[in-house]
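Visitor: Residue numbers (the numbering used here), protein chains in the order written: chain A, 1 to 65; chain B, 1 to 65; chain C, 1 to 65; chain D, 1 to 65; chain E, 1 to 260; chain F, 1 to 260; chain G, 1 to 260; chain H, 1 to 260.
Hints listed in this document are in silico derivations from the structure and should not be mistaken for laboratory results. Backbone N, C-alpha and C fix where the C-beta goes; we use that ideal spot for every residue, glycine too. Do not rely on the hints blindly, as some may be mistaken.
List time: in silico SDA-like cross-link candidates among lysine to any residue, alpha-carbon distance up to 20 angstroms [what the hints assert, rightly or not]:
#1 K256(G) - M246(H)
#2 K80(F) - G7(D)
#3 K172(F) - Q52(H)
#4 K80(F) - L237(E)
#5 K80(G) - N36(A)
#6 K80(G) - V39(A)
#7 K80(E) - K80(F)
#8 K256(G) - Q52(H)
Covered stretches of chain E, as calculated for chain F (at least 3 residues, CB under 8 angstroms) [said to hold, decoys possible]:
#9 158–164
#10 249–255
Some chain D residues flagged as far from chain E (calculated, every beta-carbon gap over 12 angstroms) [claimed, not checked]:
#11 V12
#12 P41
#13 L50
#14 E52
#15 Q63
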Amino acid sequence: MKVLVNGDWRDVSSDLLATALQELGYRESVFATAVNGTVVPSSARTEATLREGDRIEVLAPMQGG
Amino acid sequence: MKVLVNGDWRDVSSDLLATALQELGYRESVFATAVNGTVVPSSARTEATLREGDRIEVLAPMQGG
Amino acid sequence: MKVLVNGDWRDVSSDLLATALQELGYRESVFATAVNGTVVPSSARTEATLREGDRIEVLAPMQGG
Amino acid sequence: MKVLVNGDWRDVSSDLLATALQELGYRESVFATAVNGTVVPSSARTEATLREGDRIEVLAPMQGG
Amino acid sequence: MSFYGVELRSRLMLGTARYPSPAILAESVKASGAQVVTVSLRRESGGERAGQGFWSIVSELVRDLGLRVLPNTAGCHSAKEAITTAHMAREVFGTRWIKLEVIGEDDTLQPDVFGLIEAARVLIADGFEVFPYTTEDLVVAGKLLDAGCQVLMPWGSPIGSGRGLNNVFGLKALRAHFPHVPLVIDAGIGVPSHAAQAMELGFDAVLINTSVALARDPVRMATAFGKAVQAGYDGCLAGPMEPRDMAAPSTPIFGKAVFE
Amino acid sequence: MSFYGVELRSRLMLGTARYPSPAILAESVKASGAQVVTVSLRRESGGERAGQGFWSIVSELVRDLGLRVLPNTAGCHSAKEAITTAHMAREVFGTRWIKLEVIGEDDTLQPDVFGLIEAARVLIADGFEVFPYTTEDLVVAGKLLDAGCQVLMPWGSPIGSGRGLNNVFGLKALRAHFPHVPLVIDAGIGVPSHAAQAMELGFDAVLINTSVALARDPVRMATAFGKAVQAGYDGCLAGPMEPRDMAAPSTPIFGKAVFE
Amino acid sequence: MSFYGVELRSRLMLGTARYPSPAILAESVKASGAQVVTVSLRRESGGERAGQGFWSIVSELVRDLGLRVLPNTAGCHSAKEAITTAHMAREVFGTRWIKLEVIGEDDTLQPDVFGLIEAARVLIADGFEVFPYTTEDLVVAGKLLDAGCQVLMPWGSPIGSGRGLNNVFGLKALRAHFPHVPLVIDAGIGVPSHAAQAMELGFDAVLINTSVALARDPVRMATAFGKAVQAGYDGCLAGPMEPRDMAAPSTPIFGKAVFE
Amino acid sequence: MSFYGVELRSRLMLGTARYPSPAILAESVKASGAQVVTVSLRRESGGERAGQGFWSIVSELVRDLGLRVLPNTAGCHSAKEAITTAHMAREVFGTRWIKLEVIGEDDTLQPDVFGLIEAARVLIADGFEVFPYTTEDLVVAGKLLDAGCQVLMPWGSPIGSGRGLNNVFGLKALRAHFPHVPLVIDAGIGVPSHAAQAMELGFDAVLINTSVALARDPVRMATAFGKAVQAGYDGCLAGPMEPRDMAAPSTPIFGKAVFE
């Protein structure tokens, strides 16, 4: 299934957000997620299902002013 | 009938705006009118009816910056 | 003998600056003196002679910016 | 005879300023002269004598602010 | 320069309030060379003729000098008030032009940019040609243009303050972002050099009132502003040199005499 | 306004250096309305005709427009140099007027006020009418007046810098302390609003050169400065309102309509 | 000073971006004495650990120094974006505080006050404690307060410009109209004297980033800003003298000696 | 920083005049961290003990805090007066240091640079270490240095005016031309940000009096100035960023999320 992750098209096999993120290499680290512009809290990722073409944003802490 | 003219309560006998204005001393001069916050153009004054308690604004040209 | 002390005419009997200053009530305190626009150091006051009409300045510490 | 004209050494044969200036090509035009830092007015040039090594300034009008 | 298709030669606009006398008002308008004068509306009681008197003076000027009248909505604190006032002004003054003021705060008389945009939208839909009194805010400016305004009137400083241009940086940014929109500095100009500076920054025109009307000699001050606006406009178009940190001799130093 | 008994209508004085061409210089002088132009002297070699060429252009302007020529001692770094140069200028230009510059520092081209006062004394004894290029220093100004100067030319900012008035406070104090002495801002004016500001502060005239000569369009800039000087002068005499910290309405609020 | 019930001693807030190294960031935070640091969010690809690395440094500082983290919504151009980003920040940083930026224009990075107010309303309803990055506009400020903001963060000048306070008048008016609201100058401070000036105007705190991070010696600059903020705060509370136009002697002249 | 071979840590110098009470003077000196205090002389009549009282307070501070006393020649209007006063001060205060003031004009209390240079020459020949109160004039500065002064004290604005730095350009030029001479801003500083600004311009120290003494809370203001001077000094040495005309995001925009 193709999904748009941070602006790049990626293939994932799982249709669960949590599992898909693991496939994409996101582990242990601190990050936040949104699917199609809606925030998906960490606690909800194991139940959030993905569909072909979904837009996923994965954001991590960075420097800010 | 009591109407509020430019913030002061006044008695007028006519329930037509045009006639009431004449009663109130407005003649010949250049002015614009609004009743209850709605503009009443000069041409419509002869048909505009007044009710007890109506708020009438009569405005004339003045200096402005 | 009349001398001008800080702008006021004063009578002093002594013609020695040191003694005249004592007459005028200057004792112990920290001050500097000039006679006719010339500085007279403390050490020289016992030998400095005065003449009728001399202008004496007696200055003490004060606040300054 | 060598003289310094506006900072350059030049040979002139005449020891009269007026004639020397002609030799140097100054004709008709509006200019002012000084020899060794002293102004020599136009009227005095025919009588002003030069000596070996004299410093001559010849100045003409220019733009100024 | 044109406002809503009306070509104007003069880049000075003049307010009509606070003059010592109608005669001095008339003389000041003439002396200024202004082609646009602002006017307003106020309550008049029956039998009173103040408005009529004022208007007859202005009408004569308008006719004799070929002026345009620009009514304002001074003193309005909401879009609704401003809209109603604009309609009444259109009827009285017979023009679609309206200087739209929606005041947000009474001490600084700063624009309420929210009410301003709302009123601008409504009035433009109603056929008005709106001159909005606004701040130097670029986003607000963009929304006013989107609403259909074809002129913007940013403040220099509070109305009647005479402080000149409080935020030169902000005004420069406004000019730079909307290079093709007629921009008029509308408030706070105190002395002719302020007006010249505004024009040098590239603004298209200046609207003055208090600093002429309250000058000791309003007519002479009107003349002064007329010249200042031209001076600043010419100065802008003439392409000024860049300021330098240090000096550069104006008189060439090449060929300098040496007297030892 | 008069300088050493010579009445002048125009309060703008113009330098003649750094223009793109003699023709543009001539047009700029005309456009500015200036009645005084500054000139200088430089070394010329035999056979060269540059000075002659320049002078014939200026002479023609002087004759046609009835100008006064004000020679300067630009580039002089000592009283002696300046005195010698002044004498040579008097002979060449046939005037007792001399704009006395004694430069004390080459980056800022600031006056050497010591050499200046010394040279002023000597030249005045020699019959010159001295226009000293000076700082805003009040004590220096007093000494120049004591020496017999009847005009002072304080700098606005370094020559050719176009920075405008660096020390408004100091210039105001100078004006306030010598209310009856003709004071001319001599250097650093960059744009017309600077010139207007100088006049609004009460200065009697302004001398401009670089900011006209180096403008993209010198002739138009000359026009601009001509108007700006008039605007500032009129503005000063018209008695400007005092600036206010906060706003006051320019449209009277009495009689404001209420639409609920 | 308290923000949403959190008492803070230090009136300096520090951004974490653009430092030469994480070590210099950490030292700068310590040197500044700041108790609040701002952070942000960005895209991270799987396997990348940049965010994690940054966060572990900041977390350690936060723990060791007892800091508060203030996440921002930098780079968001709409209310929607800013709202989504705020929610993600809340999850990642575990705080209800959000420095709300809705950018309206990319050259000046000025706030879009419309999107700002809209986002503030939504976020406050969602339980956030909003620190809005806004302009000096009084009407906007009023609407943000009405929306439930308990702190305002007006800009001094464009983010990263180092220009200081572009509109001192406007900022003074803001301070005067909301005397009891914590007001933080959020952008454009370039040197310590700018920060001191902001505090002297009565602002409650200052947020600095670029001018520390891009200084040649960020740690020393952080120290400098720490002191400047205290100096300005003390100076404000100490009740400064009014400036005078002309001089008054600071040494009493009574008793002055006379030497003829 | 050293003045005539005396090393000083604090870059704030404090005047002792115009405080509400001797106790507040003493507390202010302590709070400021100043290591140099200025004092003066005045006429005292026999039997009077005011000078003695003042001096015993200052002496105690001097002893306890290890201060240096810098006597001035305030109020002197000629070189002769100043020279005589300096000699008397040397005897009373037991120091070769003298803050040399020769006042040229009573409203602005500006230096008479002619009398100043003359007095400086004489006093240096007499063994004094002269701190001349001067203007920003570069030529005057050069002559004072030639006379043997090893410190210069240019004014910021008139003594007691609290106006800050009237001529930033001139002061910058002074700093640039004499990079190795200790330069102290001596007059006119009104608020801590002025002091910080002076230090950011690269000045070595600041002398304050009136703005501390006449503050509502002099002790707190003394603290404020102490911090401001350090802040400005650190800020100068930390190498500030250059100000920019437009914005630069402090939060990196690379990696910005997209929410459609």
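Visitor: Each of the hints needs a verdict: does it hold here or not?
Guide: Comparing the hints with the structure gives:
| no. | hint | result |
| --- | --- | --- |
| 1 | K256(G) - M246(H) | violated (55 angstroms) |
| 2 | K80(F) - G7(D) | holds (18 angstroms) |
| 3 | K172(F) - Q52(H) | violated (42 angstroms) |
| 4 | K80(F) - L237(E) | violated (44 angstroms) |
| 5 | K80(G) - N36(A) | holds (12 angstroms) |
| 6 | K80(G) - V39(A) | holds (12 angstroms) |
| 7 | K80(E) - K80(F) | violated (77 angstroms) |
| 8 | K256(G) - Q52(H) | holds (17 angstroms) |
| 9 | 158–164 | holds (count 7) |
| 10 | 249–255 | holds (count 7) |
| 11 | V12 | holds (19 angstroms) |
| 12 | P41 | holds (16 angstroms) |
| 13 | L50 | holds (17 angstroms) |
| 14 | E52 | holds (17 angstroms) |
| 15 | Q63 | violated (7 angstroms) |
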